[in-house]
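Same order as they appear, the protein sequences are chains A and B. 515 is the number that numbering that gives the first Met the number 0 gives to position 516 of the first sequence; each next residue is one higher, with no gaps. 136 is the number that numbering that gives the first Met the number 0 gives to position 137 of the second sequence; each next residue is one higher, with no gaps.
Simulated from the structure, these hints should not be mistaken for lab results. Think of the CB as a built atom: it goes at the ideal place given N, C-alpha and C, for glycine as much as any other residue. Fair warning: there could be bad hints in the mix.
As a list, the in silico EDC-like pairs of lysine to aspartate or glutamate whose alpha-carbon atoms are at most 20 angstroms apart [claimed, not checked]:
#, chain 1, residue 1, chain 2, residue 2
1, A, 593, B, 8
2, A, 293, B, 99
3, B, 106, B, 60
4, A, 469, B, 115
5, A, 526, A, 478
6, B, 144, A, 430
7, A, 241, B, 140
8, B, 22, A, 432
9, B, 151, A, 448
10, A, 19, B, 149
11, A, 469, B, 52
12, A, 110, A, 80
13, B, 34, A, 270
14, A, 386, A, 412
15, B, 144, A, 432
16, B, 48, B, 96
17, A, 84, A, 37
18, B, 22, A, 583
19, A, 184, B, 23
20, A, 453, B, 140
21, A, 241, B, 139
22, B, 144, B, 115
23, A, 577, B, 149
24, B, 102, A, 583
25, A, 312, B, 23
To give an idea of the interface, some chain B residues facing chain A are shown, with a C-beta separation under 7 angstroms as derived from the structure [as the list claims (entries may be wrong)]:
#, residue
26, 11
27, 13
28, 14
29, 68
30, 88
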Amino acid sequence: MHIYSSHVLVCSGTSCTSKKSPELIKKLEEGIKRKKLDEKIQVITTSCFGLCAEGPIVVVYPEGAIYSNVTLNDIDEIINEHLVKGRIVKRLLSGNNEGNNSYESADFFKKQVRIALRNCGVINPEIIEEYIAYDGYQALGKVLTTMTPEQVIDKVLDSGLRGRGGAGFPTGRKWLFAANAKGDKKYVCCNADEGDPGAFMDRSILEGDPHSIIEAMAIAAYGIGSDQGYIYVRAEYPIAVKRLNIAIDQAKELGLLGDKIFGTDFSFNLELRLGAGAFVCGEETALMTSIEGKRGEPRPRPPFPANKGLFQKPTILNNVETLSNIPIIILKGADWFKTIGTKKSPGTKVFAIGGKINNTGLVEIPMGTTLREVIYDIGGGIPNGKKFKAAQTGGPSGGCIPTEHLDVPIEYDTLIELGSMMGSGGLIIMDEDNCMVDIAKFFLEFSVDESCGKCPPCRIGTKRMYGILKRITEGKGEEGDIETLEELAETIQAAALCGLGKTSPNPVLSTLRYFRHEYEEHIVNKKCSAGVCKELLDYIIIPNDCMGCTKCIKVCPTKAITGKIKEPHIIDQEECIKCGACLEACPFGAIIRK
Amino acid sequence: MSKKCQCGEDKICQLDKVIKEHKDMAGALIPVLHKAQKIFGYLPMAVQKQISEGLDISLAEIYGVVTFYSEFSTEPKGKYQINVCLGTACYVKGANDILDQFKKQLKIDVGQTTSDNKFSMNACRCVGACGLAPVVTINEEVYGKLVADDVKEILEKYLD
Ligand SMILES: Cc1cc2nc3c(=O)[nH]c(=O)nc-3n(C[C@H](O)[C@H](O)[C@H](O)COP(=O)(O)O)c2cc1C
Ligand code: FES
Numbered sequence: 000m001h002i003y004s005s006h007v008l009v010c011s012g013t014s015c016t017s018k019k020s021p022e023l024i025k026k027l028e029e030g031i032k033r034k035k036l037d038e039k040i041q042v043i044t045t046s047c048f049g050l051c052a053e054g055p056i057v058v059v060y061p062e063g064a065i066y067s068n069v070t071l072n073d074i075d076e077i078i079n080e081h082l083v084k085g086r087i088v089k090r091l092l093s094g095n096n097e098g099n100n101s102y103e104s105a106d107f108f109k110k111q112v113r114i115a116l117r118n119c120g121v122i123n124p125e126i127i128e129e130y131i132a133y134d135g136y137q138a139l140g141k142v143l144t145t146m147t148p149e150q151v152i153d154k155v156l157d158s159g160l161r162g163r164g165g166a167g168f169p170t171g172r173k174w175l176f177a178a179n180a181k182g183d184k185k186y187v188c189c190n191a192d193e194g195d196p197g198a199f200m201d202r203s204i205l206e207g208d209p210h211s212i213i214e215a216m217a218i219a220a221y222g223i224g225s226d227q228g229y230i231y232v233r234a235e236y237p238i239a240v241k242r243l244n245i246a247i248d249q250a251k252e253l254g255l256l257g258d259k260i261f262g263t264d265f266s267f268n269l270e271l272r273l274g275a276g277a278f279v280c281g282e283e284t285a286l287m288t289s290i291e292g293k294r295g296e297p298r299p300r301p302p303f304p305a306n307k308g309l310f311q312k313p314t315i316l317n318n319v320e321t322l323s324n325i326p327i328i329i330l331k332g333a334d335w336f337k338t339i340g341t342k343k344s345p346g347t348k349v350f351a352i353g354g355k356i357n358n359t360g361l362v363e364i365p366m367g368t369t370l371r372e373v374i375y376d377i378g379g380g381i382p383n384g385k386k387f388k389a390a391q392t393g394g395p396s397g398g399c400i401p402t403e404h405l406d407v408p409i410e411y412d413t414l415i416e417l418g419s420m421m422g423s424g425g426l427i428i429m430d431e432d433n434c435m436v437d438i439a440k441f442f443l444e445f446s447v448d449e450s451c452g453k454c455p456p457c458r459i460g461t462k463r464m465y466g467i468l469k470r471i472t473e474g475k476g477e478e479g480d481i482e483t484l485e486e487l488a489e490t491i492q493a494a495a496l497c498g499l500g501k502t503s504p505n506p507v508l509s510t511l512r513y514f515r516h517e518y519e520e521h522i523v524n525k526k527c528s529a530g531v532c533k534e535l536l537d538y539i540i541i542p543n544d545c546m547g548c549t550k551c552i553k554v555c556p557t558k559a560i561t562g563k564i565k566e567p568h569i570i571d572q573e574e575c576i577k578c579g580a581c582l583e584a585c586p587f588g589a590i591i592r593k
Numbered sequence: 000m001s002k003k004c005q006c007g008e009d010k011i012c013q014l015d016k017v018i019k020e021h022k023d024m025a026g027a028l029i030p031v032l033h034k035a036q037k038i039f040g041y042l043p044m045a046v047q048k049q050i051s052e053g054l055d056i057s058l059a060e061i062y063g064v065v066t067f068y069s070e071f072s073t074e075p076k077g078k079y080q081i082n083v084c085l086g087t088a089c090y091v092k093g094a095n096d097i098l099d100q101f102k103k104q105l106k107i108d109v110g111q112t113t114s115d116n117k118f119s120m121n122a123c124r125c126v127g128a129c130g131l132a133p134v135v136t137i138n139e140e141v142y143g144k145l146v147a148d149d150v151k152e153i154l155e156k157y158l159d
C-alpha cells in the first residue's frame, strides 16, 4: 500500500460544493502534480466537517490545520507555503485553531464527541474501501457470523439507544416488537426524509457516510428477520441520493448486500425511494403509505407498523442518525455506549445550529450537555453584540427555550418538560431582533401548508390558529385571542390523527408560556418591540437627517406628511397607513421604521 | 444505449420504457411520476393518462397522488427554477426580504412563471444548507448568505 506523508481533505458536502469546492480539488491536484508532490501528498474528497458557514473547508494533515473560506486564489499559497515549505498559512486558519495539532482542539470541536458523524469529513464517501478501512462492515460480519438475532436485539436494547428522529423511542424495543411479530415478509425502512426546516444532520450523514446506514439496516434486518429494506430520502437532497446509489452498487458488488451475505444464509436487498415534497411523509405511517405509491396520508394506529406496516407487513422504521449509531454499538459494546451521555438518554445527539449564532454548522455533543455550552462554547455566542432571546428546538413540533433555562442539560425528557422537544436536532438561535409572535406564526403557517387534510382538527384547527396569529401581527389582535388560541391548541392536541397535528400547537403554547408579554404587547399596545411586524411599526423622520426636500410629501398617498421646504418634515401617525412609500422616496435615509 | 425511437414521439417512447421497467415494482407510481416529470418537465393530463394505462392504476388515483405532492407539477415550469428557502434558519435571517426582492425584480408571485417562461419562483423549506442562510437555489446552483441587494446581480447572470 502506498503511504502518503500528507493528506489534504476537501469538503464536498452541499454547502461547500455550492461554494465551488470541486474546483478547489481540481486546482489542488493539478498544483501538487506540477510540484511533483503527488507521490507524497494525497488530496481526498470528504464530506461535511460541520463548519458549513465558513466553507469551503480544506484540512491539511498531519498538522490538522483547518483552512476556511478558501478560494481558488488561495490554493497556490497553500501549496507553496504549507505543502512545500511546511509553513502554515495563518491568514486562512479558521477561528481559534492554531493548526499545530489535530483539529479536534479547535473550540468548535473541543466539546464534541463524534459517534454518528465519526466518518464525516474523514473518509471519501464514494469509495467503499475507505469505509471498510475504518472498520466498516465489520459489525455486520460480526453479527452474521457470531451472533444470533436475539443477541443483536439484546445488545441494542441494552445500549439504551433511543430514536434520533424525534420521539426518542427505544430502538431495541421497536426491533423486538417487529422480531416477535408473525409474518412471512418483514421490512426495514430508513427515514431519510428530514423534514424539520433547519436540520441537516441526516443529509450530512447520508452524504458523508452512506455505508454506515446500509450496514446498520442489514444488521436490523438480520435482527428482525427481514430480507428487504427501503430508504425513503428527500428528493431535495440530490448529492445524498447520488452517494446512496453509488454506495448500494458498491456494497452489492462486494457481496455485502444481496444474497448470502458473508457466505451465510442471510440475504438483504435495499431500494431507494424518493420523497416528493410532503412534510407529513416523515411521519412513520404516512411514509409507508408513500412508499406504497399512494398519497402520503397517515394511518390511524393501532395497528402499529411493527405488526402491520409497509404493505401490511411487520416493519421497522428508523431515522438516519439512529441507524448510524448501530455499527459502532455492535463493535464497541453497549457498556461503552452507556458511558457517553446521560442515564436516560445514552449517547450523543447531532444538532444543526443556525440562526443568530457565530458558528453555524453541525455539532455532535454528548446528551446532557447544556444549551449554554452549545451556544456559547461551541457556537461562539451571538453575533453583533446582540442579546440572546430564545433557542428553538424540534422544528414545527417543538418550542422555544428562553434565557432562564440555558443551563438545562439537553436530553429527551428535560426538553419535553420545558414545553419543547428534541425533534430531529434543528437548533435555531434567536436574538432580540426576532419577534416571538412572528416565529409562532411562521411555524403555524408551515403546519397549515403541510397538513395533509385528512383529519379536520389539524386541517381546520391549524388554519384558525394561524388566522388569529396573523391578525395579532397585523395589529388587529383582540382581547380574548390568547384564550381562543389556548383552547384551539388543546382541542387539536387531543383530536388530531397524527403527530403533525398533535404537535402543531407547540410553537404557540411554548411562546405563550415564556413570552406572553410579547403577545399582550401586540394585542393591547399594538407594538412589536423587536421591530419585525411591519404593520405595528411607526414611520418616523429623523429631524437632523431630513433636508426638507419634500419628496416624501409628494409620494404620501394620505397626505400624512407635512413640512416646509428646507425644514424637517413630520409624519402624522394618525393619518399614516404604513405603506412605506416615503421611506423608499427619501434620498437621505432620514426616514426609519421603529 | 437505447434505440432511436421509431414513432417520432421520442418522449412518449421514453416514458413507455420507464413504465415497462417499473411495471412489476411494488409501489411503482411515485418513481414513475418522478421520471416522467424529468422527461416532460411537468405532468400534463396526457402523461397521467399514459401512466394510468401503463400501470393499470385509475386516473383519479394518479391525479390524487400528483396533486398531493408539491414536487409534482401539472403546469409547465420556467427554464430556471428559483427556490427561495423559507426554512427556519433562513427565515430568522431575513429570507422574507430576499423573497420580496425576487418578487419585485421578476414581477411574479410565488408559484408563478414569468411570461417569457424563463423563471419560475417557489418558496421551499430547507435545502439543508442552513449554515449559509439565507439560501436560494436556481436549478442545481445554491446561493448562500444573501442580502436583498444581491438578488439583482444573481438574476443578471441568467439574462444572457
Ligand atoms: C409530522 C412528522 C414528521 C416527521 N418527520 C420526520 C423526519 O423527517 N425524519 C425522521 O427521522 N423522523 C420524522 N418523524 C418521526 C417518525 O415518525 C418516526 O418516529 C421516526 O422516523 C422513527 O425513527 P427513530 O425511532 O429512529 O427516531 C416525523 C414525525 C411526524 C409526526
Ligand atoms: S433553513 Fe434554509 S437551508 Fe435550511
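Given pair status - residue 8 of chain B, residue 593 of chain A, alpha carbons within 20 angstroms: 61 angstroms, violated
Hinted pair residue 144 of chain B and residue 115 of chain B, Cα distance within 20 angstroms: Between residue 144 of chain B and residue 115 of chain B the Cα gap is close to 29 angstroms, so the pair fails against 20 angstroms, i.e. violated.
Holds or violated: residue 386 of chain A to residue 412 of chain A, with C-alpha atoms at most 20 angstroms apart: Roughly 27 angstroms separates the two Cα atoms, so the pair is violated.
Proposed proximity, residue 23 of chain B with residue 184 of chain A (alpha carbon, max 20 angstroms): 18 angstroms, holds
Straight-line alpha-carbon gap residue 151 of chain B to residue 448 of chain A, limit 20 angstroms: 29 angstroms, violated
Pairwise hint evaluation, residue 270 of chain A against residue 34 of chain B, where the allowed Cα distance is 20 angstroms at most: 16 angstroms, holds
Pairwise hint evaluation, residue 149 of chain B against residue 19 of chain A, where the allowed Cα distance is 20 angstroms at most: 18 angstroms, holds
Holds or violated: residue 144 of chain B to residue 430 of chain A, with C-alpha atoms at most 20 angstroms apart: 18 angstroms, holds
Chain A contact restraint for residue 68 of chain B - C-beta distance below 7 angstroms: Check passed: Cβ of residue 68 of chain B comes within 3 angstroms of chain A, closer than 7 angstroms.
Pair hint residue 241 of chain A and residue 140 of chain B, alpha-carbon separation not exceeding 20 angstroms: Holds, at about 16 angstroms.
Straight-line alpha-carbon gap residue 469 of chain A to residue 52 of chain B, limit 20 angstroms: 46 angstroms, violated
Pair hint residue 48 of chain B and residue 96 of chain B, alpha-carbon separation not exceeding 20 angstroms: 41 angstroms, violated
Checked against the numbered hints above, the structure breaks hints 1, 2, 3, 4, 8, 9, 11, 12, 14, 16, 18, 20, 22, 23, 26, 27, 28 and satisfies the rest.
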